[in-house]
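Q: What follows is each chain in one-letter form.
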Amino acid sequence: MENIYLAIVLAPLAGAVIAGLFGRWVGRSGAHWVATLSVAVSFLLSLLVLKHVLFDGAPPFDGSIYTWMVAGGIHFEIGFLVDRLTALMITVVTFVSLAVHIYTIGYLRGDPGYKRFFSYIALFTFAMLMLVMANNFLQLFFGWEGVGLVSYLLIGFWYERESANFAALKAFLVNRVGDFAFVLGIALVVMYFNTLNYESVFRAAPLVADLSIHVIPGTSWSVVTLICLLLFVGATAKSAQIPLHVWLPDSMEGPTPISALIHAATMVTAGIFMVARLSPLFEHSATALNVVLVLGGATAFFMGLVGIVQTDIKRVIAYSTISQLGYMTAALGASAYAAAIFHLMTHAFFKALLFLGAGSVIIAMHHDQDMRNMGGLRKYMPITYITFLIGALALCGIPPFAGFFSKDSIIAAVQASQLPGAEFAYYCVLGGVFVTALYTFRMFFLVFHGKERMDEPTRKHLRESPAVITIPLIMLAIPSALVGWFTIKPILFGNYFGNSIQVLPAHDVLAKVGREFHGAGAMAGDSIHTPAFWLAVGGIFLMWVVYWLRPALAGVLRRALAPLYYVLEHKYWFDDFNEKVVAAGGRGVGRALWRIGDVRLIDGLMVNGSAWLVGRWASVSRRIQTGFLYHYAFTMLVGLLLLLSWFVIR
Amino acid sequence: MFYHIPWLSLAIWTPIVGGVLVLLSGDKAPDGARRIAVLFALVTFLLTLPLYIGFDVTTAQMQFREHLPWIPAFNIYYSLGVDGISMPLILLTSFMTVLVVIVGWVSIQKRVAQYMAAFLIMEGVIIGVFSALDAILFYVFWESMLIPMFLIIGIWGGPRRVYATIKFFLYTFLGSVLMLVALIYLHFRSGSFSILDFQTLKLTMNEQLLIFIAFLLAFAVKVPMWPVHTWLPDAHVEAPTGGSVILAAIMLKIGAYGFLRFSLPITPDASHRLAWLMIALSLVAVVYISLVAMVQKDMKKLIAYSSIAHMGFVTLAFFIPFAIYASTKSLNGAVLAVEGGIVQMVSHGFISGALFLSVGVLYERMHSRAIADYGGVVNRMPVFAALAVFFAMANSGLPGTSGFVGEFMIILASVRADIWYAVLLATALVTGAAYTLWMVKRVIFGAVANERVDALQDLDGREFLVLGLLAVAVLALGVWPAPLIDVTHMSVQNLLSHIMISKL
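Sequence order for the protein chains is A and P. Letter 97 of the first sequence, counting from 1, is numbered 96 in numbering that gives the first Met the number 0, and no numbers are missing. Letter 382 of the second sequence, counting from 1, is numbered 381 in numbering that gives the first Met the number 0, and no numbers are missing.
Bound-form chain A, shown alone:
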């Protein structure tokens, strides 16, 4: 099996290298073939691994591939941990990646950066697989930064656009702020556990749980809490949680396929995966879990709200992604790690579907992304329409679509949590259901129904996208509709994850939720008794009224809620704060240090000043050298006198 694991990781790397470095020889179709095939190989092998651990009941594999280095008594290894969590993740990653590869063949047809793009997304798949298959913190960080690099390159893919370059830089730097804390977290892990290996860390976690550290003199922190919080700051950047979410909406500057792959389905879920993977550590810090829970809930609700006022179709989905990641984060905080991963999986399918559907619409609209110019696209693009509807229903959590099962489980888990922040988080995730329905179906009705608001030339050219685009839509629509029904029982309540996720008995909310669970069908049927269901349906109904039945109502509502609208339109002023205070402040301090510190004090005063001093000294001492003998004699006498008196007085 070890060779298979290696092949899963290396196939996309080989594809990336060939498409990227040898693009001149393999040509455009060569590049997409080699990249797509390499990812297809990874996907098939991932299925094999899934079968191996799931049906053949193979024990987890935990082994080293090579020793990166040994220093200071610590083994830095590159190695794989393949258990059920990994098997699920690699299958999802390679499947979505494959769909996106195929889709790109159609989406970027004719783009001058075609080969480069395939090289990047294959490289991304490699880095993401390294991340999820890691058995140690070093490799985790390698994958973590690797996906960040490719994300940077792909957001800035159309490098002639100033806005794309700005968004790329912003994404990288915001993620670096997270990595700043993440590295410190890893450093503390190494300091207290003396190893980077997950397994050894998990085994020692109960022992370290009682230790404390003095970060600020006079205060005492639990070591595990500090480690978990630092690592989680990394996750807030990567998984776009408040306050480090600011890069994700801007990342929509990248081509749509990568918005689907990187900024919806896979990379942004790395933070969620990381916390789930490190559950044996997080379980030992109720404080950290509480922070995770509250932040996740807040992100789910407040960032969803911003989605309601967006006019760019991709930005709506971007805010939706932030909000949905908030759901997953809240689940992590409630110790419902399995529910978080479950939602990660269903979200990967339906959100990739929505993005690719949006991309299909964008192609039809000749790269106009403003929903105010769309409308009535249903009759021109039936496949896009149907698949988009499936994605939208799944996102809103309407039974029996996939999102329903995962989202409802999260709501139930948060409700069952005993942490102090659970009540706040519960109202957030519950209110989030209504908000989700609002932004999703506002978008849906604006795009596919109502008046055709586009200009005449665009309307004439409206047509359904080609098969390379619609096939991935169908590929993703199937699991978006069905996967929840079939997998909820084993994943959430059937101990699918085994030992790869560990929950302390006191935190085990899913066990509590599981007592109420009587099969997927019953869950779907019983949902009409839950507030979440009616919130979702109510939201959809409201949007139906406002954006289809009575379009004039939209303006009325907007005026009525003007203050709220104002706040949302400015996205809570996060961007303004970052640009005007953080970025400008950093540059200002740098300029001040340079001008005052380097130029004026060191060069002006010390360097040139001492040169000036030497000059002065020379010109003064020159005067002593008069050439008159009696001057010298006099000086000598004075010197002799001084010397003698020193000897005498001493």
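Hints may be right or wrong, so weigh each one.
One-sided excerpt, in silico: chain P residues whose CB lies under 8 Å from chain A [as the list claims (entries may be wrong)]:
#1 Leu335
#2 Glu338
#3 Gly375
#4 Leu397
#5 Val422
#6 Thr426
Hints in this document: simulated from the structure, not taken from any laboratory. Fair warning: this is a prediction, and the values are worked out from it, not measured in the lab. Glycine included, every Cβ here is placed at the ideal spot set by N, Cα and C.
Position chain P against the provided structure of chain A, taking the given hints into account.
A: Just chain P, lined up with the frame of chain A:
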């Protein structure tokens, strides 16, 4: 047989003899001078390879020893040898010199022979600095290193080259004069000029403090540490590309090497007493200088400031072991720090060299170093852009590149001394990426900014070869640093156990 060949002498004198030959060949046949220079640089590189291949990783003893009387009246010997600390730096020197000579092939048209000769002679002298085990021999090499660099900046430099050379010369010369006094004092105390004898010499605290400060001035200027760093941006800006590469990639390492070879082992108690100062200055370099780098408008100045910040990691790594040992009672963390510092030195050699070469590639075409004159270079130079972005990422410390390894090790180690050291160091993750990638955004990306950018030609074969080799080196060290780390183990271990024992 293998160990009877004087590899170190060959590595020192081959390039010097080559340099003299090139000089004699004169400027009339510049192509001949170029060919001889490349040939000698290559041969020297090959001659340094046995140092790695034949290196015994199981001992901390000096290897490849050569010991001949030089001035017997004063007990001065021609004494050479390397350990795991100096050997990698010698290989770095011979590798970078090959690249620099190749790069100078077309970019230098004025006094070709003298230019090539200066680099070859400097190579030999620098290898001499790294391998000298006799203090006077070391000092002779140390001072003679200044002359070729002085000439390189002064003759082939930019418009303000005179100011830059004088600043460079005064700074470095003032520092080294006190070092000579310290060396002579040590000779009077020990009766020998052997550096290894100095290391075992008992010294009182006051002696140690004075000697430490004398060394500090010499080494801190070279590194350079804040606040004696301001010569570096000026020197870089005026130096020709090759000069910048050697300056950043190798000469800065000599100061850091000095701390390991002289300050720490000769004056361990003073080092311990003043470690707080060294750590503070290093942290200032990392935090303050990174912010200063952010606002530079000149590409070379930006990279120069970036170098100072990266070297801050190195100096911190070398003086933090005392604090780590005090808090953990184990050498492990200290070993991690010092080895991290050594990796950072080698890695910074590759990356800063590559970045200065990249600026040189642009400068040769546009005759401007101002960031504002560029924009959208990727449109006309895609291959160059790919390599430049790669090196920029390495400079930001991306895992998988060599830039990550050292910084990661040093952060992991310093947290054991005090978490706040690590916090301040880790800010470089953000600021380092900010200044590097912001420059990349303004220079490389965007639409074609003006017609001069529009006329740019992508890399020629020679430039591609040089940058490609560096990219391979950066990647190799990032993906598998073990071959370098393993070499340093015994020497670092030995050094650290030596300095943890008080001489008082």
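Q: None of the hints should be skipped; say for each whether it holds.
A: So, going through the hints one by one against the coordinates:
Hint on Leu335/P holds. Least Cβ distance to chain A is approximately 3 Å, under the 8 Å limit. Hint status for Glu338/P relative to chain A: holds, with the closest Cβ pair at about 5 Å, below 8 Å. Interface restraint check for Gly375/P: the shortest CB-CB distance to chain A comes to about 7 Å, inside 8 Å, so the restraint holds. Evaluation of the Leu397/P hint against chain A yields a held restraint, the C-beta minimum of about 6 Å falling below 8 Å.
At its closest, the beta carbon of Val422/P sits 6 Å from a beta carbon of chain A; the interface hint therefore holds under the 8 Å criterion. Contact between Thr426/P and chain A, as hinted, is supported at the beta carbon level, the nearest pair being about 7 Å apart and thus within 8 Å.
Going down the numbered hints, you'll see the structure goes against none, and every one checks out.
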